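Asks: Sequence:
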Amino acid sequence: MSGNQRVLRSTAQRLHLQPMINTRSASAVDPDPESSPSNGTTIKLINLGTKLPGLTPSGLQHLRKMQTWLSSRRQITLSSLPTPKNPGGRDCAAKNLRTALRASLAFAQPEAGSAVCIDGRGGWLLTCAHCFGDSEAEYAALRSKRKWLLFYDGVAVQAECRVWDGRRDLALLKIVAVEMEVGGGGGGGSDTLIVNADDESSVPPSFHFVQLASSFDEDANLGMPITCIGQPGAEDLESATARQTGYDIIHISEGRFRGLIPGADPQDNSEIGTLKHDAWTYWGHSGAPLLRNRDAALIGLHSSWDDQTAMRHGVPLAAISAFLNEHEGVIS
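The working numbering numbers the first residue of the sequence shown as 3 and each following residue consecutively.
Derived from the structure by calculation, the hints contain no laboratory data. These figures come from a predicted structure and were not determined experimentally. Even glycine gets a Cβ: it sits at the ideal position worked out from N, Cα and C. Among the clues, some could well be false.
[To be verified] Calculated cross-link-like contacts (lysine to aspartate or glutamate; reagent style DMTMM-like; alpha-carbon spacing at most 25 Å): (1) Lys97 - Asp250; (2) Lys67 - Asp193; (3) Lys97 - Asp193; (4) Lys87 - Asp219; (5) Lys97 - Glu256; (6) Lys87 - Glu256; (7) Lys97 - Asp267; (8) Lys87 - Glu273.
[Claimed, not checked] Listed next, with one range per pair, are the computed distances between beta-carbon atoms: (9) Asp309 - Arg169: 21 to 31 Å; (10) Thr43 - Asp221: 19 to 29 Å; (11) Gln213 - Asp270: 19 to 29 Å; (12) Ser216 - Thr52: 36 to 46 Å; (13) Leu50 - Gln310: 39 to 49 Å; (14) Gly51 - Arg258: 39 to 49 Å; (15) Ala96 - Ala222: 16 to 26 Å; (16) Ala312 - Asp270: 14 to 24 Å; (17) Gly331 - Arg145: 19 to 29 Å; (18) Thr311 - Asp270: 17 to 27 Å; (19) Asn49 - Asn327: 33 to 43 Å; (20) Leu214 - Pro264: 16 to 26 Å; (21) Asp93 - Arg145: 43 to 53 Å.
Whole structure, please, built from the sequences with the hints as guidance.
Replies: This is how it looks when you write it as structure tokens:
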């Protein structure tokens, strides 16, 4: 694999953006009384339009700008989902793809990144480890293990990284706060929040989530149609000068599963993802779900690409399954 180069969100960030570590003044960040990692399962409800903890004024402004854009393009994004081509199961597959869109998230920080919900009741998310640091040292140096993310309709959630695995390039996040209308409105018309009908004003919502593929034969599924849902990123990294890409915040692309890197250990995605696919992605797509079109089951997370072949790469299902099995006690 010596000829493969992994182009990451964080690598790109060092080229064109400010460093991720220790860039913010602590006094400039809106206080977050629970900024240190915890083992709690409670999801805090934050009323719409109020200050969000853990963000600088400019960070909050950036989130609100993304939120407005997503909300205004909600129907356009929904209508851009592909139409499944499996007769007999088309309606079910289309429904599952809509659910997958509702379960996909974009990081609300300029560094970008993507994630997907895998447990709707508890609010558990999967993303790539490098979205929280390229190395264990970078991850340990983070002032906070919490970040704000946005669903495709603009709903904001704060998630805390509970498990970081640099070798597999996977991170397990727990939603710890959600911005929603509290006291009478519940989800406020959101397409991504599932509110409690009996007490929607005080009970935390649940979330749409994707199912992991129950079985997946890589050889038998070569060329299988897939869909990738993620955030490309706003910075044009191919431009010699600072320039915006103009891409949508949430982008849906189709492609095909191209197998695994021959001879590679699927549990080691530290240099480049061992899964191969050709759905279009950009640097902010790290952590984006790779979904089997026929049922929208999760077969991997996009993580990287080979700059010599333009092949996209990801963390395969085998690594995700082993990771979740290893940390089953964290979720339960």
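Asks: So, for every hint listed, does it hold in this structure?
Replies: Each hint, compared with the structure:
1. Lys97 - Asp250: holds, 22 Å
2. Lys67 - Asp193: holds, 19 Å
3. Lys97 - Asp193: holds, 13 Å
4. Lys87 - Asp219: The given pair, whose Cα atoms are some 20 Å apart, holds under the 25 Å limit.
5. Lys97 - Glu256: With Cα atoms ~17 Å apart, Lys97 and Glu256 stay inside 25 Å; holds.
6. Lys87 - Glu256: holds, 13 Å
7. Lys97 - Asp267: This hinted pair is violated, its Cα atoms lying about 34 Å apart.
8. Lys87 - Glu273: Given that 25 Å is the threshold and the Cα spacing comes to 35 Å, the pair is violated.
9. Asp309 - Arg169: 21 to 31 Å: holds, 22 Å
10. Thr43 - Asp221: 19 to 29 Å: Given about 40 Å between the Cβ atoms, the range is violated.
11. Gln213 - Asp270: 19 to 29 Å: holds, 25 Å
12. Ser216 - Thr52: 36 to 46 Å: The hinted range 36 to 46 Å holds for Ser216 and Thr52, with Cβ atoms some 41 Å apart.
13. Leu50 - Gln310: 39 to 49 Å: At roughly 47 Å between Cβ atoms, Gln310 and Leu50 fall inside 39 to 49 Å, so the hint holds.
14. Gly51 - Arg258: 39 to 49 Å: Since the Cβ atoms of Gly51 and Arg258 sit about 43 Å apart, the hinted range of 39 to 49 Å holds.
15. Ala96 - Ala222: 16 to 26 Å: Since the Cβ atoms of Ala96 and Ala222 sit about 24 Å apart, the hinted range of 16 to 26 Å holds.
16. Ala312 - Asp270: 14 to 24 Å: holds, 22 Å
17. Gly331 - Arg145: 19 to 29 Å: holds, 27 Å
18. Thr311 - Asp270: 17 to 27 Å: Since Thr311 and Asp270 have Cβ atoms about 20 Å apart, the given range 17 to 27 Å holds.
19. Asn49 - Asn327: 33 to 43 Å: holds, 38 Å
20. Leu214 - Pro264: 16 to 26 Å: Holds: the Cβ-Cβ distance is about 24 Å, inside 16 to 26 Å.
21. Asp93 - Arg145: 43 to 53 Å: holds, 47 Å
Checked against the numbered hints given earlier, this structure breaks hints 7, 8, 10; the rest are met.
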